[in-house]
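**Q** Sequence order for the protein chains is A and E.
For the record, in the first sequence the residue sitting at position 143 is 143 according to the working numbering, with numbers rising by one throughout.
For the record, in the second sequence the residue sitting at position 18 is 18 according to the working numbering, with numbers rising by one throughout.
One should not assume that every hint holds.
It does not matter which identical chain is meant; a pair holds if it fits inside one copy or across any two.
Derived pair list, reagent style DSSO-like, types lysine-lysine, alpha-carbon separation capped at 30 Å [stated by the list, open to error]: (1) K183 / K254; (2) K281 / K183; (3) K194 / K73; (4) K200 / K183; (5) K254 / K70; (6) K281 / K152; (7) K73 / K183; (8) K270 / K200; (9) K70 / K183; (10) K200 / K281; (11) K18 / K69; (12) K183 / K270; (13) K15 / K183; (14) K281 / K15; (15) K73 / K15; (16) K254 / K200.
Source of the hints: derived by calculation from the structure; they are not laboratory data.
Number of protein chains: 2
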Amino acid sequence: MGSVAFDAIETPFGKTDKIIGGAGTYIALASSFFVNDQKIVAVVGDDFPQSMLDTLRSRGVDLSGLQIKKGEKTFFWSGRYHNDMNSRDTLVTELNVLEHFDPILPASYQSTQYLMLGNLSPQVQRTVIERLENRPKLIAMDTMNFWMDIAKDELLHTLSMIDLLIINDEEARQLSGEYSLLKAARVIRDMGPKYLIIKKGEHGALLFHGDQIFFAPALPLEEVFDPTGAGDTFAGGFMGFLAATDDISFENMKRAIIAGSALASFCVEKFGTERLTEITKAELEQRIDEFVSLSAFEMAQSI
Amino acid sequence: MGSVAFDAIETPFGKTDKIIGGAGTYIALASSFFVNDQKIVAVVGDDFPQSMLDTLRSRGVDLSGLQIKKGEKTFFWSGRYHNDMNSRDTLVTELNVLEHFDPILPASYQSTQYLMLGNLSPQVQRTVIERLENRPKLIAMDTMNFWMDIAKDELLHTLSMIDLLIINDEEARQLSGEYSLLKAARVIRDMGPKYLIIKKGEHGALLFHGDQIFFAPALPLEEVFDPTGAGDTFAGGFMGFLAATDDISFENMKRAIIAGSALASFCVEKFGTERLTEITKAELEQRIDEFVSLSAFEMAQSI
Numbered sequence: 001m002g003s004v005a006f007d008a009i010e011t012p013f014g015k016t017d018k019i020i021g022g023a024g025t026y027i028a029l030a031s032s033f034f035v036n037d038q039k040i041v042a043v044v045g046d047d048f049p050q051s052m053l054d055t056l057r058s059r060g061v062d063l064s065g066l067q068i069k070k071g072e073k074t075f076f077w078s079g080r081y082h083n084d085m086n087s088r089d090t091l092v093t094e095l096n097v098l099e100h101f102d103p104i105l106p107a108s109y110q111s112t113q114y115l116m117l118g119n120l121s122p123q124v125q126r127t128v129i130e131r132l133e134n135r136p137k138l139i140a141m142d143t144m145n146f147w148m149d150i151a152k153d154e155l156l157h158t159l160s161m162i163d164l165l166i167i168n169d170e171e172a173r174q175l176s177g178e179y180s181l182l183k184a185a186r187v188i189r190d191m192g193p194k195y196l197i198i199k200k201g202e203h204g205a206l207l208f209h210g211d212q213i214f215f216a217p218a219l220p221l222e223e224v225f226d227p228t229g230a231g232d233t234f235a236g237g238f239m240g241f242l243a244a245t246d247d248i249s250f251e252n253m254k255r256a257i258i259a260g261s262a263l264a265s266f267c268v269e270k271f272g273t274e275r276l277t278e279i280t281k282a283e284l285e286q287r288i289d290e291f292v293s294l295s296a297f298e299m300a301q302s303i
Numbered sequence: 001m002g003s004v005a006f007d008a009i010e011t012p013f014g015k016t017d018k019i020i021g022g023a024g025t026y027i028a029l030a031s032s033f034f035v036n037d038q039k040i041v042a043v044v045g046d047d048f049p050q051s052m053l054d055t056l057r058s059r060g061v062d063l064s065g066l067q068i069k070k071g072e073k074t075f076f077w078s079g080r081y082h083n084d085m086n087s088r089d090t091l092v093t094e095l096n097v098l099e100h101f102d103p104i105l106p107a108s109y110q111s112t113q114y115l116m117l118g119n120l121s122p123q124v125q126r127t128v129i130e131r132l133e134n135r136p137k138l139i140a141m142d143t144m145n146f147w148m149d150i151a152k153d154e155l156l157h158t159l160s161m162i163d164l165l166i167i168n169d170e171e172a173r174q175l176s177g178e179y180s181l182l183k184a185a186r187v188i189r190d191m192g193p194k195y196l197i198i199k200k201g202e203h204g205a206l207l208f209h210g211d212q213i214f215f216a217p218a219l220p221l222e223e224v225f226d227p228t229g230a231g232d233t234f235a236g237g238f239m240g241f242l243a244a245t246d247d248i249s250f251e252n253m254k255r256a257i258i259a260g261s262a263l264a265s266f267c268v269e270k271f272g273t274e275r276l277t278e279i280t281k282a283e284l285e286q287r288i289d290e291f292v293s294l295s296a297f298e299m300a301q302s303i
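I would like the entire structure built from these sequences, with the hints used as guidance.
**A** Right under this line is the structure:
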């Protein structure tokens, strides 16, 4: 579940017209490298291009939960990245069809085992959980500062219902009120999610569960061309990998993080979803190998 | 080679009177976990306490290259860390004996195979290299923004003579003029050093050599009590490990980074050198194990 949208993006490298974006789009595309029976819950207007719907369908995405609102317009976001690519200004937000989004879950969706709730209002996220008759094996969600500012209670309610929260370091600090990510992780997991992934951009990601911590590397990149969608691509790759392997052990979550990170490292190489729709499974496997050699080391038995 | 000094430190957790510090001190203490025939090149005044000299000697440090200047005062630095512990203001710098430091290398030092040049003027660093009749197997150095600002040509000259530069991300960006660390690494290695370590504090470290990159994790910490000396401790542990194993392959440098990182993670737990002089080899081995489990993962053959 996540937005399927139009974006217009400015980076130091150039700017785009309206291109296709949205968390739901990136999540669906990224997960399609591992599974081909994903089901999307989203809403668009009748201005949304058929070609992307065809692309999604060809990658195994079930679109029966995608509402197409006649005479209405698709969610639109426009933003400008600063020179360091780590921060951005929102230029335009047109909610359009998202303003009254009431997620519909077709009967065929009821067997869902791996649920990824992309960043949307915590109330909509909770509605999706409540409309599933059987609880999925793993419920993961993303959120952002905006909801912490204006809907904290709703957010806390939804957090109490999920298994895994995927957020960035700045968001983790705001949500917990703690600067140390170790302390932040403890506070956030007390809110509900047993698992927590804190994304640190070019510095990798941390996975927390019980007393265990995994520090995942990020691939050092020459250039980040457009960071839009990298976090959603990570989440989609992560959940797609877990669903394909149907194994939610800590060890397998580590692998899923590497898979998601590898996909995200492609995503930022071009504007929008362009790079994601180009790469082959062989290219992805090669990139995953780069992650392995990037962080592998073996200590002797004794120093 | 490095300063042996007095520090006075203020952090959000408290402040110290004059305590013992200096890059040379941290490097010698850290390396003593792996080797017991280190030789120090440094200068102090006759106000420097005998007790620390005894501590160093008991850890195998040859002090015959440590000049004790009668009637002069030891280098003194005082600084205050900001709340985020990532930046600090210098409150006092008294060069004292360092102002006219002319490094002396006793004959017994001429067989040195692993040379660590702590942060000092690039001219002094170069003098040490020039006073060794046989080139060591590995010459590593640290430097800082200050020398890039006021002695860039001297710095470039010294860089052309060394094998490995160990600096932090901010310094790498300033030295290279490149924001991307991948590009910065290329520019810096064109200046001379075949090996480059970029330290990223809580985000770990990167090792570059040829086309190879290693992304070392940092241990997520509850609290950084005092970051002073962490970088020097890392460098000392790294070089001590290499010297003890006498292996400068890329694989072994990875292990050395983990060893140095583990020592640095202890260093920040208390003020100054206190924690370093407390910990046992068993504690160090246990912490190294934590680094291993922090970043170890195994991908399946195929995704």
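**Q** Taking 30 Å as the upper bound on the Cα-Cα distance, should K281 and K15 be classified as within, between, both, or neither?
**A** Result: close within a single copy only, 29 Å intra versus 55 Å inter.
**Q** When no copy is specified for K254 and K200, does a C-alpha distance of 30 Å or less occur within a copy, between copies, both, or neither?
**A** Classified as both; 16 Å inside a copy, 22 Å across copies.
**Q** Have a look at K281 and K183 and pick one of within, between, both or neither, based on CA distance no larger than 30 Å.
**A** The answer is between: 28 Å across copies meets 30 Å, while 38 Å in one copy does not.
**Q** Since the copies are identical, ignore which copy is meant and state whether K70 and K183 lie within 30 Å (CA to CA) inside a copy, between copies, both or neither.
**A** neither (48 Å within a copy, 49 Å between copies)
**Q** How would you classify K73 and K183 at a CA-CA limit of 30 Å: within, between, both, or neither?
**A** neither (43 Å within a copy, 43 Å between copies)
**Q** Using 30 Å as the alpha carbon limit, work out where K183 and K270 are close: within a copy, between copies, both or neither.
**A** between (36 Å within a copy, 19 Å between copies)
**Q** How do K200 and K183 come out at 30 Å by Cα distance, when the copy is not named: within, between, both, or neither?
**A** Both, since 16 Å and 20 Å are each at most 30 Å.
**Q** Please work out whether the CA atoms of K194 and K73 approach to 30 Å or closer within one copy, between two copies, in both situations, or in neither?
**A** neither (38 Å within a copy, 56 Å between copies)
**Q** For K15 and K183, with the copy left unspecified, which applies at a CA distance of at most 30 Å: within, between, both, or neither?
**A** between (39 Å within a copy, 24 Å between copies)
**Q** Taking 30 Å as the upper bound on the Cα-Cα distance, should K254 and K70 be classified as within, between, both, or neither?
**A** neither (43 Å within a copy, 59 Å between copies)
**Q** Please sort K73 with K15 into within, between, both or neither, judging by C-alpha distance up to 30 Å.
**A** within (22 Å within a copy, 60 Å between copies)
**Q** Regarding K200 and K281, is the shortest C-alpha distance of 30 Å or less found within a copy, between copies, in both, or in neither?
**A** So K200 and K281 pass the 30 Å test inside one copy only (26 Å; across, 32 Å).
Hints 3, 5, 6, 7 and 9, counting from the list given before, are not met by this structure.
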